[in-house]
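Please put together the full structure from these sequences, using the hints given.
Residue numbers (this note's numbering), protein chains in the order written: chain A, 1 to 82; chain B, 1 to 82; chain C, 1 to 125; chain D, 1 to 125.
Calculated from the structure, these hints are not laboratory results.
Fair warning: this is a prediction, and the values are worked out from it, not measured in the lab.
Take the hints with a grain of salt, since some may be wrong.
[Said to hold, decoys possible] Okay, derived cross-link-like pairs now, DSSO-like style, lysine-lysine, Cα gap no bigger than 27 Å in a straight line:
(1) D/Lys69 / C/Lys69
(2) C/Lys101 / C/Lys115
(3) D/Lys98 / C/Lys101
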Amino acid sequence: MLQYTILLFGPASALIGADRVVVQCSRSYTCDELKAQIVKANPSLETHLQVGRLAVNQGFVAGDASIEPDAEIALITMVSGG
Amino acid sequence: MLQYTILLFGPASALIGADRVVVQCSRSYTCDELKAQIVKANPSLETHLQVGRLAVNQGFVAGDASIEPDAEIALITMVSGG
Amino acid sequence: MSVQVRLTDGPLSEMVDMPTTHGSGARIVFDGIVRPMEDGATIEGLDYEAYRPMAEQQLAIIGNDLVEKHGLLMMDIEHSYGFVPNFACSFRLVIDSKHRKEGLKAMDEFIDRLKVDVPIWKRAQ
Amino acid sequence: MSVQVRLTDGPLSEMVDMPTTHGSGARIVFDGIVRPMEDGATIEGLDYEAYRPMAEQQLAIIGNDLVEKHGLLMMDIEHSYGFVPNFACSFRLVIDSKHRKEGLKAMDEFIDRLKVDVPIWKRAQ
Numbered sequence: 001m002l003q004y005t006i007l008l009f010g011p012a013s014a015l016i017g018a019d020r021v022v023v024q025c026s027r028s029y030t031c032d033e034l035k036a037q038i039v040k041a042n043p044s045l046e047t048h049l050q051v052g053r054l055a056v057n058q059g060f061v062a063g064d065a066s067i068e069p070d071a072e073i074a075l076i077t078m079v080s081g082g
Numbered sequence: 001m002l003q004y005t006i007l008l009f010g011p012a013s014a015l016i017g018a019d020r021v022v023v024q025c026s027r028s029y030t031c032d033e034l035k036a037q038i039v040k041a042n043p044s045l046e047t048h049l050q051v052g053r054l055a056v057n058q059g060f061v062a063g064d065a066s067i068e069p070d071a072e073i074a075l076i077t078m079v080s081g082g
Numbered sequence: 001m002s003v004q005v006r007l008t009d010g011p012l013s014e015m016v017d018m019p020t021t022h023g024s025g026a027r028i029v030f031d032g033i034v035r036p037m038e039d040g041a042t043i044e045g046l047d048y049e050a051y052r053p054m055a056e057q058q059l060a061i062i063g064n065d066l067v068e069k070h071g072l073l074m075m076d077i078e079h080s081y082g083f084v085p086n087f088a089c090s091f092r093l094v095i096d097s098k099h100r101k102e103g104l105k106a107m108d109e110f111i112d113r114l115k116v117d118v119p120i121w122k123r124a125q
Numbered sequence: 001m002s003v004q005v006r007l008t009d010g011p012l013s014e015m016v017d018m019p020t021t022h023g024s025g026a027r028i029v030f031d032g033i034v035r036p037m038e039d040g041a042t043i044e045g046l047d048y049e050a051y052r053p054m055a056e057q058q059l060a061i062i063g064n065d066l067v068e069k070h071g072l073l074m075m076d077i078e079h080s081y082g083f084v085p086n087f088a089c090s091f092r093l094v095i096d097s098k099h100r101k102e103g104l105k106a107m108d109e110f111i112d113r114l115k116v117d118v119p120i121w122k123r124a125q
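So this is what it looks like as structure tokens:
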């Protein structure tokens, strides 16, 4: 069994009440597949995943990019710096 | 006999070697008429008067505005501040 | 053609003396200031949460992109994380360019991209 | 909604501490710097000749127009006359606005109008 850990920040983290979520899987996912799995395990994050993007090892990646389970993964929802 | 004094600055002043020119006249001129008279008396200023504007009492005026001979008149050619 | 990035805990201090880059004809400084109102409610300030390593990287990516695109001479980027009280500065962008046009353009584009691609979130306090 | 104008003999000094206007979310500062090259030739600096009373009036007219047009909070305008050596500042514009967009727009428009309507001429030395 593989496992992805996804870091949460800002409103997404506040909504869940945690700074990360974990997704179990039997194979490697693409970015889009992983987003779908996160929603499945955490339905309340759906809106955030619709507008948000996943960052892998601190950079944005394409939807069809394959993600290694040991990568540093973060959900980057609507940012508001400045 | 009336008389207009027109202040010169920058390249126009350098060209003439003076900080003002004087135009004699028998009646009041409009701005456009005065420009024509300045060129007549100082042909070398023609280019500067084509691109330049006259300021009257430190403000730009329309071409058909009548100018009093005792006004403070200045030829504002291509400026280059900043 | 240097780009510097700093994330700073709390409000940014007054701008330090930073000589303009040789050959620069324009320096433009943008300070983002915390306003005492947010959505009509009075606040004490803003709490900035940053995904710090990625925020630094993204700021540098945007800075380098724009330096290259506009032929800028220097860009210095500083953003707060943590609490920044009302009236204090939470973001400062300094751009040196040969002429003003490209500097102003780059500043506008930088802030547009900051508000999309840099993982920093603010919350009213 | 204040507009200040100053003409200064020689180079402008470092910016003095000027608290941002209450309610401002953005301060933008533009410094025009004398470059050591003019039309390919090395120079010592620029000599600015100003038709001073009119230059002050024109700067104020442009400032007030843009403050009204863009709903700015504050504009501070300073320009040199006389000699300004290479690398020194000859023009500074400070704008406080609620948001950045209108401040950047106003800064761009100000400099466009400065280069048309303000009777100041520079000459390489």
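Evaluation of the provided hints:
For the proposed pair lysine 69 of chain D and lysine 69 of chain C, the alpha carbon gap of about 31 Å is over 27 Å, so the pair is violated. As the CA atoms of lysine 101 of chain C and lysine 115 of chain C are separated by approximately 22 Å, the hinted pair is consistent with the 27 Å bound. A hinted pair counts as satisfied when its Cα atoms are at most 27 Å apart, and lysine 98 of chain D with lysine 101 of chain C qualifies at roughly 22 Å.
Of the hints listed earlier, the one the structure fails to meet is number 1.
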